[in-house]
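*Asks:* The primary structure of each chain is shown beneath.
Protein chains: 2
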Amino acid sequence: MKLDPRHLEILAAIVEAGGLTEGAALLGKSQPSVSRSVSLLEDRVGEPLFLPTRRPLQPTELGLALAQEGQRILSAGRHASRLVDEHRQGLAGAVRVAGTPIFMDGVISNVIAEFQAEYPNIRIDQSYGYPTELLSQLSAETLDLAILPMRPADVSDEYEFRQILPGRNVIACRVGHPLARKKEVKLEDITEYSWIAPPANSPLFRDLRNTLDGIGMRDFKISFTGGSLSAVVNVLTGSDSLTVLPFSVVFMMQRQKTLTALPIKIGDPDRHLGCVTLNARSTSASSNRVLDFIKQKFETLDRLICSASG
Amino acid sequence: MKLDPRHLEILAAIVEAGGLTEGAALLGKSQPSVSRSVSLLEDRVGEPLFLPTRRPLQPTELGLALAQEGQRILSAGRHASRLVDEHRQGLAGAVRVAGTPIFMDGVISNVIAEFQAEYPNIRIDQSYGYPTELLSQLSAETLDLAILPMRPADVSDEYEFRQILPGRNVIACRVGHPLARKKEVKLEDITEYSWIAPPANSPLFRDLRNTLDGIGMRDFKISFTGGSLSAVVNVLTGSDSLTVLPFSVVFMMQRQKTLTALPIKIGDPDRHLGCVTLNARSTSASSNRVLDFIKQKFETLDRLICSASG
DNA sequence: CGCTCAATATAACTTTGGGTTATGAAGCTT
DNA sequence: AAGCTTCATAACCCAAAGTTATATTGAGCG
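Going down the list, the protein sequences come from chains A and B. Residue numbering for the first sequence follows our numbering, beginning at 1 and increasing consecutively. Residue numbering for the second sequence follows our numbering, beginning at 1 and increasing consecutively.
Each hint should be verified, as a subset may be incorrect.
For lysine-lysine, the following BS3-like pairs were computed, each having C-alpha atoms within a straight-line distance of at most 25 Å [to be verified]:
#1 A:LYS265 x A:LYS183
#2 A:LYS2 x B:LYS2
#3 B:LYS182 x B:LYS295
#4 A:LYS29 x A:LYS2
#5 A:LYS182 x A:LYS265
#6 A:LYS221 x A:LYS186
#7 B:LYS221 x A:LYS2
#8 B:LYS183 x B:LYS257
#9 A:LYS29 x B:LYS2
Some residues of chain A that are not near chain B, with every Cβ distance over 10 Å (derived) [what the hints assert, rightly or not]:
#10 ALA17
#11 GLY77
#12 PHE115
#13 TYR130
#14 GLY176
#15 ALA200
The set of hints was computed from the structure by calculation and includes no laboratory data. Please read all numbers here as calculations on a predicted model, not as lab measurements. All C-beta atoms, glycine included, are put in the ideal place defined by N, C-alpha and C.
Please build the complete structure, drawing on both the sequences and the hints.
*Replies:* Right, here's the structure in full:
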């Protein structure tokens, strides 16, 4: 005996409202409609659901019990509707975000923390990766949003790129580092220090190598490699090593007075940090929320950086 | 955005079964049917519920969330179906039973106790009353089953009467009562004792009065009145009073060795105890369960009484 | 007791959509 | 590349939900 859940909903509304007419109004239907639905339900059930000839309509035992189930169905339906609405407005859902490890840990994670406070029902699934793999993940639709350093000209039509910060890498060291005290630092000065190297396939590593190549320095001493940002920072602050980091990461850490940047820019000046999404697909509302939020936060961050270090 | 609960059920089945085809089988529908239902739901929701072009069909975030609501709806529906089945088989529901107070307390309540053990989901709403009022309650359908002493010939066509015991009232006293020791008790012997009188409008009281009228005894000393069975028994066992009780009640209490019956029958030999129901209405399955149970129990009780006291 | 009013039931009809079978298209598998 | 499985589409039928209009029936009241 399979019952139509809509019938149970109608029954629940009638019992709750206390009458056919009121129940119909509650459901936004006409009175004859619900009347006949009840008749159909009673036919299927084979037993009366309302006491006959009682004007303040009173349900039978069974009618009351079924109405309770109807209430459960109604509430599940309402909950489902709410989920849909939230999804469509981008107030709920899940967004898969990925980016280069150092930048994600150093900058994006702070932004995401703020985002979570504002949109608690959007789940962020974060992962790490480098441009080529992340772009293919976007194409395969296993990723919604990548945050990468790119040359805008290199971005194919398949993707949409929105710049959030100029790509500006710097050489970072601890605050009390000997070089940090100098007024002017020449490239030659840095040759004597050992390096914390970013992963070999990372853009940062390429930038570092290119820069050192530029001054004819083929070999450089590597004292530490393979760590995440927090490990790198710990090693950096506990030694005189140098490393290359996005300036924005160093900027964010200046508050803790542990890191500083040498006044030497390295890397490709045409490459900028930005959000990459798939162009074809209409991105989900929640992804757009994340995207907008990041763009907005980085506008203010960009201004901060510019005013602080012109 | 009101969603069709049936769509959510279908979604839940698909997600649970892991595919359209399996989901359709689970629901006992054809695959194209559920396929189109999903399409309709996706149209309404405005967002995809399944990841496209993935063969082991995988729901989206929203799809999964809605499927959970669908599961709630499914379980509510299954529960409702079970309620209906139980009702139809008379395994659940409520039955309104009434009868004369002394007989209900002394005999029927024991039977109801056994009934409850066998049918825990049937609720018994018991009340007390005398024939005229209970018959009119049956007519008004505010009562399902009355247990009353009646003359079968007096029962109108409106009702159906099923005899469960011969109506046999006796004079009851405590076990150690002076009269109880005598081999033969004449009516004259009882005149000196005081009486516990049943309520004035009860059949028992009428039987008592008629009997005493028959031996020319218009006045009799009443020492206690208005109590329920347990009060009457307490007074009876603590004094030499007499009272009139249905023999079945005394029989049930003989086990406790507190009451006994004088070998004098009083009352109307044409009146019998039986179950009265409304004839017109098809009685509910659960009422029939109660009725059948009572009839069956009283068949064995009747045999017991006959064999014990010929 | 009958009148009136309000609530429910019925009627007649339209439209939505769920059910079917048959068939086409698209992924995995081998 | 062939074949099998699975999902999507098409074309159709019919159950039933929705509508408006109207009849019926209780409940309350003078």
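*Asks:* Next step is simple, just say for each hint if it's right about the structure.
*Replies:* Checked hints:
no., hint, in the structure
1, A:LYS265 x A:LYS183, "15 Å, holds"
2, A:LYS2 x B:LYS2, "22 Å, holds"
3, B:LYS182 x B:LYS295, "36 Å, violated"
4, A:LYS29 x A:LYS2, "24 Å, holds"
5, A:LYS182 x A:LYS265, "16 Å, holds"
6, A:LYS221 x A:LYS186, "18 Å, holds"
7, B:LYS221 x A:LYS2, "66 Å, violated"
8, B:LYS183 x B:LYS257, "19 Å, holds"
9, A:LYS29 x B:LYS2, "13 Å, holds"
10, ALA17, "17 Å, holds"
11, GLY77, "5 Å, violated"
12, PHE115, "17 Å, holds"
13, TYR130, "25 Å, holds"
14, GLY176, "48 Å, holds"
15, ALA200, "34 Å, holds"
Figure legend: structure checked against the earlier numbered hints; hints not met, in rising order: 3, 7, 11.
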